[in-house]
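> Sequence:
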Amino acid sequence: MLLQYDLVEVAGDPPILLKVVWADAARGLFALKDAGTPNEWPRLYDLPEVTELVASGLWTPRPGEMPLFRDPAYLPEEHRNHRDHHWSALQSLIEDSLPRLFLKRDRCMLLKEASETFGIPLRTMRRDLQRLFDRGIHRDALLPDWHHVGNPGKPRLATEEGVKRGRKPSGDAKPGVNVTESIRRLFMIASDIGSRNRKMTLLDTYHLCMRMFFAEDVGEITGGKSRLIAVGEYQERGLPRYEQFAYHVRKEVDVLDALRRRIGGRQYEMKKRALLSNSTQEAWGPAARYQIDATVLDVYIRSRKSKKRVVGRPTLYVVIDVFSRMIVGISVTLEHPSWASAMMALANAVGDKVKFCERYGITITPEEWPCNHICGILEGDRGEIESANIDHVLQRFNMTVENAAAFRADWKGIVESRFRILQQSFKAYVDGYVETDFRVRGGKDYRLDAVLDIDELTRIIIRNVLHYNNAHELTKYPRHPGMTEDRVPSVPREIWNWGVANVGGLPRTPREDVFAFSLMPTMKTSVRREGIYFHGRHYTCHHAVVNKWFEKAGEARFSVTISYDKRDSDEIYVHDPKDPKGFHVAVLTPGSRHQKGMNGWETDASLKEDKRIAQERRDEQTLEKAATDAANEREVEEARRKAALKPDLRSAAQKVSNIRQDRSDEQATEILGEVADFRSLLRPDPPTTGGTDPTPLGQVNGSSSGNSRPSVRERLRAAGRIRS
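Numbering follows our numbering, with no gaps: position 484 of the sequence shown is 484.
Simulated from the structure, these hints should not be mistaken for laboratory data.
Treat the hints loosely; a few may be bogus.
When the alpha-carbon atoms are kept at most 20 angstroms apart in a straight line, the in silico EDC-like pairs for lysine to aspartate or glutamate are as follows [unchecked claim]:
(1) Lys-308 - Asp-604
(2) Lys-308 - Glu-602
(3) Lys-608 - Asp-568
(4) Lys-164 - Glu-233
(5) Lys-596 - Glu-233
(6) Lys-581 - Asp-145
(7) Lys-355 - Asp-455
(8) Lys-596 - Glu-620
(9) Lys-104 - Asp-46
(10) Lys-578 - Glu-233
Cβ pair distances, simulated, as ranges [stated by the list, open to error]:
(11) Arg-359 - Arg-511: 16 to 22 angstroms
(12) Glu-252 - Ser-338: 35 to 41 angstroms
(13) Lys-581 - Asp-629: 55 to 61 angstroms
(14) Ser-664 - Ile-263: 36 to 42 angstroms
(15) Trp-146 - Met-212: 40 to 46 angstroms
(16) Ser-306 - Tyr-74: 41 to 47 angstroms
(17) Pro-63 - Ile-364: 21 to 27 angstroms
(18) Asp-568 - Lys-308: 31 to 37 angstroms
(19) Arg-211 - Glu-633: 58 to 64 angstroms
Predicted, not measured: the structure shown is a model, and the values here were computed from it.
Beta carbons are placed, not taken as given, at the ideal position from N, Cα and C, and that holds for glycine.
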């Protein structure tokens, strides 16, 4: 069966590639057009015709991808206004008149009526409809291509004969000159010379350029004082201005490379380099409607880092498919219910479940949890889902949100009932589970029984979710008549598979990384020489290294927008509207890899603990520093007192005239003391009782004082190292 956005290769020489513009599996209708011809209208095919073409080998279906549109958050207002204006004229046609728009006669009639109704030229409406069919039936397909207008990034240098660019000169000022290619080259020569002199500023380099190429010395001709005048046409039109020079130099020259040459490679590497090392009737099929909700689990858990610490009760988020009752996404978190927590469960609903379970040491097959799709309608609590963060997600992925009214949990009763099922499944064997007598006088304190950490509890919940999805019988499920005819049991996975094959078709599957990125919370953070700073850690990415962010941050810090997943702090996502995905993945720098494997809550707790330890020692450090300063002051005062007892009556010149010899004498004395200390370590310990005295320092090998070797001082004096 063909799906929207799929491709079809038509046999031929050369082969032709078609793309599925629209598909309705219930009616068995498909609209296809040439993928390489933007202005071609789609042709409508019925299911028997498609089946025959595929069976004959003339058509070969290929899987396709959903189109990627620019993030609305980064679109200029005029682009959004243009899109919304043109979409308003076609929206009713797209929603009410498909597949009639694929038939020429009906299409002409419908477009003419809409043109008269909205006052938009018929030609414009035809062009917009062709664009929708070519780029995807989505309102963002009508975004203007104004970013392709002109020649961005290419220089537009003037010619000598061209009209002077810029504003007119004021008063009697000369008109000035355009910067041609030849003048630009002269600017670059002067810039290269100036960059080699560390004392020259950009203004100095400009003056050098004017002196070298645009002026001449007439002092020798007139026989007087050296004087520079402009040469040739520059006498009438004026010299190139400093602003022109600075613009072209800054545009062409790598500032950091120029800085390296100016201060030298060693100084640059030392001071400027980057520091990186240190409900069912409302659902027409699977994934038509999801419900999301959270509950605080009735079990206490302990910290992953220290089993001695009880960290409280975690929050469980569950995303459930209303049609099949399949649990499509979960998230166990220490965060209180919020948008930031809900996004983790939504990302899990779209994510690869095999990889997710593997991360917790559980092996499954894709058939055991076949859910990695986005929904048409998302229903949840107002406080968690009604967020500014979700608006661009809804627009980008064609989703709708329905908020349950306050204190009306029954409006999303399906997901609420799943909480009871999941908690009841592990209540009997999990230590730390809170019973109804908790906090009753004489009741047991279940917090003391906690043994699980968040990862261990997550593994238990995953196993119970897998059992629920694959084996739990839904006794009160409103079964479709076709399910009884096909002998489908009321098990969530079986209902899901039956619905995909018989009711709604295969749901939409977006790119997991793009969808997860759109859900993540965002914030501004600073770029430093050590890396991109976030929660006490530093990160780096290829884009930042190539663009020399960390060297630039050495001159002045700047901020960037990032997104993050608090469950895994080993990566953050740096926003880049120019990248097709919209972001770059940043990883921990070598200097921060000692914190690898910690999640966001553990990182926050570690930072708080470090701050607490530092605060506890603050008074102790202050007192120790004060004691050290007092001892140093006493030492200085004692030295002053001793100096005052033996005043030096020599003149100032005499006091400093023999510093070198006095230093040599002091070194000799110091050597003598060190030798004595060293030899004392080699001498045997004196006997405790009786015996002879140890050998004196001046005697060795049993020699007496009469024929002992000269002492160290005598040998130094004989060698002229010290004075007598």
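> Hints numbered earlier in the text: which of these fail when held up against the supplied structure?
5, 8, 10, 12, 18
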